[in-house]
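Chain by chain, the residues:
Number of protein chains: 2
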Amino acid sequence: MDLELLTVGTELLLGFTVDTNAAFAGQALAGAGVRVVRRTTVSDDPALLRDALAEALGRTRLVLTTGGLGPTRDDLTKKVVADLLGLELEFQEELWTALVERFARMGRKISDRNRCQAEVPRGAVVLPNRWGTAPGLWISGELGEVIMLPGVPIEMRGLMTHEVLPRLAPRTSARVVRSRTVRTTGIPESTLADRVSDIEATLDPLTLAYLPGLEGVDLRLTAWDMESTAADGLLQAASERLRVQLGDHAYGGEGDDLAGILLDECRARGKTIVVAESCTGGMIGQRITAIPGSSDVFLGGIIAYADRLKSALGVPDRILEEFGAVSEETVKAMAKAVRERHGADLAVSVSGIAGPAGGSPEKPVGTVWFGFAGDFGVAAVRWVFPGTRDEIRARASQFALFGLLRHAKSAGA
Amino acid sequence: MDLELLTVGTELLLGFTVDTNAAFAGQALAGAGVRVVRRTTVSDDPALLRDALAEALGRTRLVLTTGGLGPTRDDLTKKVVADLLGLELEFQEELWTALVERFARMGRKISDRNRCQAEVPRGAVVLPNRWGTAPGLWISGELGEVIMLPGVPIEMRGLMTHEVLPRLAPRTSARVVRSRTVRTTGIPESTLADRVSDIEATLDPLTLAYLPGLEGVDLRLTAWDMESTAADGLLQAASERLRVQLGDHAYGGEGDDLAGILLDECRARGKTIVVAESCTGGMIGQRITAIPGSSDVFLGGIIAYADRLKSALGVPDRILEEFGAVSEETVKAMAKAVRERHGADLAVSVSGIAGPAGGSPEKPVGTVWFGFAGDFGVAAVRWVFPGTRDEIRARASQFALFGLLRHAKSAGA
Chain A
1 MDLELLTVGT ELLLGFTVDT NAAFAGQALA GAGVRVVRRT TVSDDPALLR
51 DALAEALGRT RLVLTTGGLG PTRDDLTKKV VADLLGLELE FQEELWTALV
101 ERFARMGRKI SDRNRCQAEV PRGAVVLPNR WGTAPGLWIS GELGEVIMLP
151 GVPIEMRGLM THEVLPRLAP RTSARVVRSR TVRTTGIPES TLADRVSDIE
201 ATLDPLTLAY LPGLEGVDLR LTAWDMESTA ADGLLQAASE RLRVQLGDHA
251 YGGEGDDLAG ILLDECRARG KTIVVAESCT GGMIGQRITA IPGSSDVFLG
301 GIIAYADRLK SALGVPDRIL EEFGAVSEET VKAMAKAVRE RHGADLAVSV
351 SGIAGPAGGS PEKPVGTVWF GFAGDFGVAA VRWVFPGTRD EIRARASQFA
401 LFGLLRHAKS AGA
Chain B
414 MDLELLTVGT ELLLGFTVDT NAAFAGQALA GAGVRVVRRT TVSDDPALLR
464 DALAEALGRT RLVLTTGGLG PTRDDLTKKV VADLLGLELE FQEELWTALV
514 ERFARMGRKI SDRNRCQAEV PRGAVVLPNR WGTAPGLWIS GELGEVIMLP
564 GVPIEMRGLM THEVLPRLAP RTSARVVRSR TVRTTGIPES TLADRVSDIE
614 ATLDPLTLAY LPGLEGVDLR LTAWDMESTA ADGLLQAASE RLRVQLGDHA
664 YGGEGDDLAG ILLDECRARG KTIVVAESCT GGMIGQRITA IPGSSDVFLG
714 GIIAYADRLK SALGVPDRIL EEFGAVSEET VKAMAKAVRE RHGADLAVSV
764 SGIAGPAGGS PEKPVGTVWF GFAGDFGVAA VRWVFPGTRD EIRARASQFA
814 LFGLLRHAKS AGA
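The listed protein sequences correspond, in order, to chains A and B.
Residue numbers for the first sequence follow my numbering, beginning at 1 and rising by one.
Residue numbers for the second sequence follow my numbering, beginning at 414 and rising by one.
Bear in mind the hints are in silico, worked out from the structure with no lab data behind them.
Ideal placement from N, C-alpha and C gives every residue a C-beta, glycine not left out.
Mixed in with the good hints there might be a few duds.
Stated by the list, open to error - Derived EDC-like pairs: lysine to aspartate or glutamate, alpha-carbon spacing no greater than 20 Å straight-line:
hint : chain 1 : residue 1 : chain 2 : residue 2
1    : A       : Lys109    : B       : Glu602
2    : A       : Lys271    : A       : Glu340
3    : B       : Lys522    : B       : Glu506
4    : A       : Lys79     : A       : Asp51
5    : A       : Lys109    : B       : Asp720
6    : B       : Lys522    : A       : Glu340
7    : A       : Lys363    : A       : Glu391
8    : B       : Lys684    : A       : Asp307
9    : B       : Lys522    : A       : Glu189
10   : A       : Lys271    : B       : Asp720
11   : A       : Lys363    : A       : Glu340
12   : B       : Lys492    : B       : Glu506
13   : A       : Lys409    : A       : Asp256
14   : A       : Lys363    : A       : Glu329
Stated by the list, open to error - Just so you have them, the derived chain A footprint on chain B, three or more residues with Cβ under 8 Å:
hint : stretch
15   : 428-439
16   : 448-458
17   : 683-697
To be verified - According to the in silico footprint, chain B covers these stretches of chain A (three or more CB under 8 Å from chain B):
hint : stretch
18   : 31-43
19   : 128-137
20   : 225-233
21   : 317-330
22   : 389-398
Only chain A is shown next, with the shape it has when bound in the complex (with noise of 0.2 Å):
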């Protein structure tokens, strides 16, 4: 089943918005079993709007339309589409009563100008939009069908999710294109595919791609054209070999963040955690905080940014004077001190040069020190980032997540 996709709006056009609807759009097609064969994107202009229309029909006779279904007058899709199906708007009370209602629980009075969304081609499937205003459309002509979906992307989603793959699931093939990801941490590009080139040589017929970003390389696995339950099935295994075999580098799926994993690890083990953040100033408390019920595991910690704080954390004076804030001895100082003042089973500490400033010869930007305190007494780990300030700061977040990972994992932390 092929299917092509027009998104419409002038800001669109003029990159004001990233079109993020037409990559969930796609993902949910594919996965559902709908080529999506063309994307076109057109301005807010009726004539220009219904030329691409009418070529996309001619092309597919089914076409997905997101965006120009509100209450403005930049709003067109429903009437260039009507009118090049030759479908009469209709105004239905009941979707007009509805409307009313909702403005009313949100406390809002509602304008003359929102009449417009009671309005619907004959003949024309109404989907329900429990996220917004303006409900999606489904109408068939001679010319074949369209699909309509608002713009906002909350709307759009659940449009898509909840009314039109279900109506669309009949009718597809059961051949689908789905994918899943691996993600894998602290192990560089080239490494990992020494590891994993075993596995690589006999995963057809899935394909595998290799995403480097700043916290690691995700490995997507993909089917491409295949029976649903077979590509599940497939990928299923595929993935479960990778992660048996990149053993601690491999941790959940699309989607999932390194801090989450580690929180379930140290809470199935009662473990707490403290932290003492210099280059990062606050970046992994930010992410270890920013999933739900993470209190239980996670206690705070210091953001020693100026040295003076790296004193007042507990760091002699002379150890910054002798090895300098970016150093073995400062970032072992600096978890032993913030481990023990706050009582926690864990800790880590991250100094390092973020750059662009501040780099020398010996220690170039990039350069970023890590310390671990625990049971098991104090550890430290030097790497080497490439990148701007952003990706080094990133980078080395993620690899703080993943040592204190290793260390909540082994027996003696």
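Could you slot chain B onto chain A? The hints should help.
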């Protein structure tokens, strides 16, 4: 001058990649007086790409493509374009030499697979790519002109800015679409609208858009289809009027972070800052330290997530017991203690209920108390923010920075 954008890549249609190139290209071209009338995305399929290209050239005779210039067999754009325009591909020795040298500089060995990247359609202008390996190409044929850029965002942006726009400039009309953003914070959208309504009524021919986000409401002024000098003059004057009217609620322009404005203000006044963060968990420190050179103003602070860290900081236990961690008394004690401990000029403290759990009728999810300490003494303010956990934390961080900025500017601080 009308142009169509053609973005090429199966991963775009499948939604694995969000098409940020399209947004960048749209803004850059509109700002230079080129009207992007349509954007089309096709997969890495030569027949579908050829169809879409021929149709686009038929409409505008000027097409800009992104993607499909790499060394793999998926990279078909150059071949398809040359084929459609009836031009042969020629191997260019000097391009190959440059490529070999580039690989050598990066310590990598070039593969024969890369030879195709030195092939150029006969008569094409080569646009040198300083950011990667695939040069851009500009071809004219009987059917029209095609500008080809690589899909890697940093390469696409560099080539657009330094190679494409300067070459288009002599041919474009002087009429452009340009916008300018005035960022605002600490003021609700409805109050903002009231405050600027007199100015808004006199902006014509500029338009004003309200773009609410987690850091406040951005005001975007846009000049549509206007001579470029006139557009810049009107945008400059209007944004200045908005700034004057909104006082310290207005700060910076598109892409500016309030943290940078705060650091500049403090630096100019020789003031230092510390933080004591509970529900934001390090987010304020992280945002401040994201700005290079923040160390002369920002000393660091405490992530007092667990109550025992609030006690350790110096919040009396009877305050925590009597008023709770999310209270005026607690944030005042936190701000006072962290300022005194580290001898800073200004301190902010934050304690709130970010949810999703932990709310109560008296203190619903979203309730956040802020404390400020300085030469003026100690102050506190409460705010209730809407949204998810992430959104509440982001809004609270922004409000903390805004409060610090106000206190830094006030004489007594």
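Evaluation of the provided hints:
{"no.": "1", "hint": "Lys109(A) to Glu602(B)", "in the structure": "holds, 17 Å"}
{"no.": "2", "hint": "Lys271(A) to Glu340(A)", "in the structure": "holds, 14 Å"}
{"no.": "3", "hint": "Lys522(B) to Glu506(B)", "in the structure": "holds, 18 Å"}
{"no.": "4", "hint": "Lys79(A) to Asp51(A)", "in the structure": "holds, 14 Å"}
{"no.": "5", "hint": "Lys109(A) to Asp720(B)", "in the structure": "violated, 44 Å"}
{"no.": "6", "hint": "Lys522(B) to Glu340(A)", "in the structure": "violated, 50 Å"}
{"no.": "7", "hint": "Lys363(A) to Glu391(A)", "in the structure": "holds, 17 Å"}
{"no.": "8", "hint": "Lys684(B) to Asp307(A)", "in the structure": "holds, 17 Å"}
{"no.": "9", "hint": "Lys522(B) to Glu189(A)", "in the structure": "holds, 17 Å"}
{"no.": "10", "hint": "Lys271(A) to Asp720(B)", "in the structure": "holds, 17 Å"}
{"no.": "11", "hint": "Lys363(A) to Glu340(A)", "in the structure": "violated, 29 Å"}
{"no.": "12", "hint": "Lys492(B) to Glu506(B)", "in the structure": "holds, 18 Å"}
{"no.": "13", "hint": "Lys409(A) to Asp256(A)", "in the structure": "holds, 19 Å"}
{"no.": "14", "hint": "Lys363(A) to Glu329(A)", "in the structure": "holds, 15 Å"}
{"no.": "15", "hint": "428-439", "in the structure": "holds (count 11)"}
{"no.": "16", "hint": "448-458", "in the structure": "holds (count 8)"}
{"no.": "17", "hint": "683-697", "in the structure": "holds (count 9)"}
{"no.": "18", "hint": "31-43", "in the structure": "holds (count 8)"}
{"no.": "19", "hint": "128-137", "in the structure": "violated (count 0)"}
{"no.": "20", "hint": "225-233", "in the structure": "violated (count 0)"}
{"no.": "21", "hint": "317-330", "in the structure": "violated (count 0)"}
{"no.": "22", "hint": "389-398", "in the structure": "holds (count 3)"}
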